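**Q** So the sequence shown is residues -16 to -1, 1 to 324, counted in mature numbering (1 follows the signal peptide of the UniProt record, and there is no 0).
Bear in mind the hints are in silico, worked out from the structure with no lab data behind them. These numbers come from a predicted model, not from an experiment. Errors might be hidden in some of the hints.
Claimed, not checked - Straight-line C-alpha distance at most 35 Å; calculated DSBU-like pairs for lysine-lysine:
{"hint": "1", "residue 1": "Lys147", "residue 2": "Lys113"}
{"hint": "2", "residue 1": "Lys181", "residue 2": "Lys219"}
{"hint": "3", "residue 1": "Lys113", "residue 2": "Lys31"}
{"hint": "4", "residue 1": "Lys31", "residue 2": "Lys144"}
{"hint": "5", "residue 1": "Lys113", "residue 2": "Lys39"}
{"hint": "6", "residue 1": "Lys123", "residue 2": "Lys39"}
{"hint": "7", "residue 1": "Lys53", "residue 2": "Lys31"}
{"hint": "8", "residue 1": "Lys39", "residue 2": "Lys53"}
{"hint": "9", "residue 1": "Lys219", "residue 2": "Lys147"}
{"hint": "10", "residue 1": "Lys14", "residue 2": "Lys39"}
{"hint": "11", "residue 1": "Lys31", "residue 2": "Lys14"}
{"hint": "12", "residue 1": "Lys113", "residue 2": "Lys144"}
{"hint": "13", "residue 1": "Lys53", "residue 2": "Lys147"}
{"hint": "14", "residue 1": "Lys296", "residue 2": "Lys219"}
{"hint": "15", "residue 1": "Lys181", "residue 2": "Lys147"}
{"hint": "16", "residue 1": "Lys181", "residue 2": "Lys53"}
{"hint": "17", "residue 1": "Lys53", "residue 2": "Lys113"}
{"hint": "18", "residue 1": "Lys16", "residue 2": "Lys123"}
{"hint": "19", "residue 1": "Lys39", "residue 2": "Lys16"}
{"hint": "20", "residue 1": "Lys39", "residue 2": "Lys296"}
{"hint": "21", "residue 1": "Lys16", "residue 2": "Lys31"}
{"hint": "22", "residue 1": "Lys296", "residue 2": "Lys181"}
{"hint": "23", "residue 1": "Lys296", "residue 2": "Lys123"}
{"hint": "24", "residue 1": "Lys14", "residue 2": "Lys296"}
{"hint": "25", "residue 1": "Lys123", "residue 2": "Lys31"}
{"hint": "26", "residue 1": "Lys113", "residue 2": "Lys219"}
{"hint": "27", "residue 1": "Lys113", "residue 2": "Lys296"}
{"hint": "28", "residue 1": "Lys144", "residue 2": "Lys123"}
{"hint": "29", "residue 1": "Lys16", "residue 2": "Lys113"}
{"hint": "30", "residue 1": "Lys147", "residue 2": "Lys123"}
To be verified - Beta-carbon label-pair distances, calculated as ranges:
{"hint": "31", "residue 1": "Thr213", "residue 2": "Pro258", "range": "34 to 42 Å"}
{"hint": "32", "residue 1": "Glu195", "residue 2": "Pro24", "range": "29 to 37 Å"}
{"hint": "33", "residue 1": "Asp118", "residue 2": "Thr232", "range": "54 to 62 Å"}
{"hint": "34", "residue 1": "Ala28", "residue 2": "Gly146", "range": "52 to 60 Å"}
{"hint": "35", "residue 1": "Cys201", "residue 2": "Gly51", "range": "23 to 31 Å"}
{"hint": "36", "residue 1": "Glu6", "residue 2": "Pro105", "range": "15 to 23 Å"}
{"hint": "37", "residue 1": "Thr213", "residue 2": "Ser276", "range": "21 to 29 Å"}
Backbone N, C-alpha and C fix where the C-beta goes; we use that ideal spot for every residue, glycine too.
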Amino acid sequence: MRLLLVAAAVLAVASCASISLEDLEFHAWKLKFGRSYASPVEEAQRKLIWLNNRKLVLVHNMMADQGIKTYRLGMTYFADCSGNKQTNKQKKNLGCLGIFNSSITHRGSSFLRLAEPIDLPVSVDWRDKGYVTDVKDQKQCGSCWAFSTTGSLEGQNFRKTGKLVSLSEQQLVDCSGDYGNYGCGGGLMDNAFKYIKENGGIDTEESYPYEGEDGDCRYNPANIGATCTGYVDVKEGDEDALQEAVATIGPVSVAIDASHVSFQLYESGIYNEPECSSSELDHGVLAVGYDSEGGHDFWLVKNSWGLEWGDKGYIKMTRNRNNQCGIATAASYPLGGGVL
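Required output: the full structure, derived from the provided sequences and hints.
**A** Have a look at this one:
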């Protein structure tokens, strides 16, 4: 129905004036994502960026069709955003892990790999086992760390109780400031795990819904959906250890470099960005599995940018390529789950 309304609106615009195909596409894109601008000047600037990104997408996808690229791009929510994250306030990942520093000493327990090597599954997808909630949308708030945190705890809670309960990201945004997080200004998953442990739990999403902005803490112990007794840090930069953790534990919180336009415009396929940093990380996501496709290994990653981004909110990120995008640099998962 929404697409029909968009199409009708575009046809109405086209009937009123002579308009180019590019203008029609831009107008349809604005309607699809509810985009509006403060002034005609800003709209002209954004449209120019959008047109440049449109060309980038077309050229990239031509190479994908020829097998030169392993993934495709699309005109996502970020299509009117430039590649300069310092000047682009509309990017949802801006400031998400603003306090991240790869030199920070991990304070969680260390992930102990199995003493005896075992044959890990060739592929894992915890969605099939009921460990993963629906894709969520952090909106215009740098709260990716909160979504990554709840995602891994939701999985461990399911593992312990057999019940999949959506947990409150908003509580983490509002209440974990004393543990080193900054709400919509950024945070870290390990800090959030520590808060949940010392707080005695986290409320359900239903009782403490997401608002996408900083607010006063409204935690209610009567509405706890899960608890946490600690957290475990996977060995830094070790993709083999991360694979073992994902295979044997469940969904794992990971930090990545999501600063590239190629990530923000990702649509499908196995994302492979050689310019990705393994140490300058700005986005928290959730590794929910892994697999291989066409001879290329990949991580299956749940994002928090809604269903309209990527492959229905997910991305396949290249695996076993020297920790590309830092996916194994700061991986961790919570201990516990369940309600005491």
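**Q** Now tell me if each hint is right for this structure.
**A** Results for each hint:
no., hint, in the structure
1, Lys147 with Lys113, "holds, 11 Å"
2, Lys181 with Lys219, "holds, 22 Å"
3, Lys113 with Lys31, "violated, 43 Å"
4, Lys31 with Lys144, "violated, 50 Å"
5, Lys113 with Lys39, "violated, 40 Å"
6, Lys123 with Lys39, "holds, 26 Å"
7, Lys53 with Lys31, "holds, 26 Å"
8, Lys39 with Lys53, "holds, 16 Å"
9, Lys219 with Lys147, "holds, 29 Å"
10, Lys14 with Lys39, "holds, 17 Å"
11, Lys31 with Lys14, "holds, 10 Å"
12, Lys113 with Lys144, "holds, 13 Å"
13, Lys53 with Lys147, "violated, 40 Å"
14, Lys296 with Lys219, "holds, 30 Å"
15, Lys181 with Lys147, "holds, 20 Å"
16, Lys181 with Lys53, "violated, 43 Å"
17, Lys53 with Lys113, "holds, 31 Å"
18, Lys16 with Lys123, "holds, 15 Å"
19, Lys39 with Lys16, "holds, 20 Å"
20, Lys39 with Lys296, "holds, 23 Å"
21, Lys16 with Lys31, "holds, 15 Å"
22, Lys296 with Lys181, "holds, 32 Å"
23, Lys296 with Lys123, "holds, 16 Å"
24, Lys14 with Lys296, "holds, 19 Å"
25, Lys123 with Lys31, "holds, 21 Å"
26, Lys113 with Lys219, "holds, 26 Å"
27, Lys113 with Lys296, "holds, 18 Å"
28, Lys144 with Lys123, "holds, 30 Å"
29, Lys16 with Lys113, "holds, 33 Å"
30, Lys147 with Lys123, "holds, 27 Å"
31, Thr213 with Pro258: 34 to 42 Å, "holds, 40 Å"
32, Glu195 with Pro24: 29 to 37 Å, "holds, 31 Å"
33, Asp118 with Thr232: 54 to 62 Å, "violated, 25 Å"
34, Ala28 with Gly146: 52 to 60 Å, "holds, 55 Å"
35, Cys201 with Gly51: 23 to 31 Å, "violated, 52 Å"
36, Glu6 with Pro105: 15 to 23 Å, "violated, 47 Å"
37, Thr213 with Ser276: 21 to 29 Å, "violated, 35 Å"
Violation of the numbered hints given earlier is confined to hints 3, 4, 5, 13, 16, 33, 35, 36 and 37; the remaining hints are satisfied by the structure.
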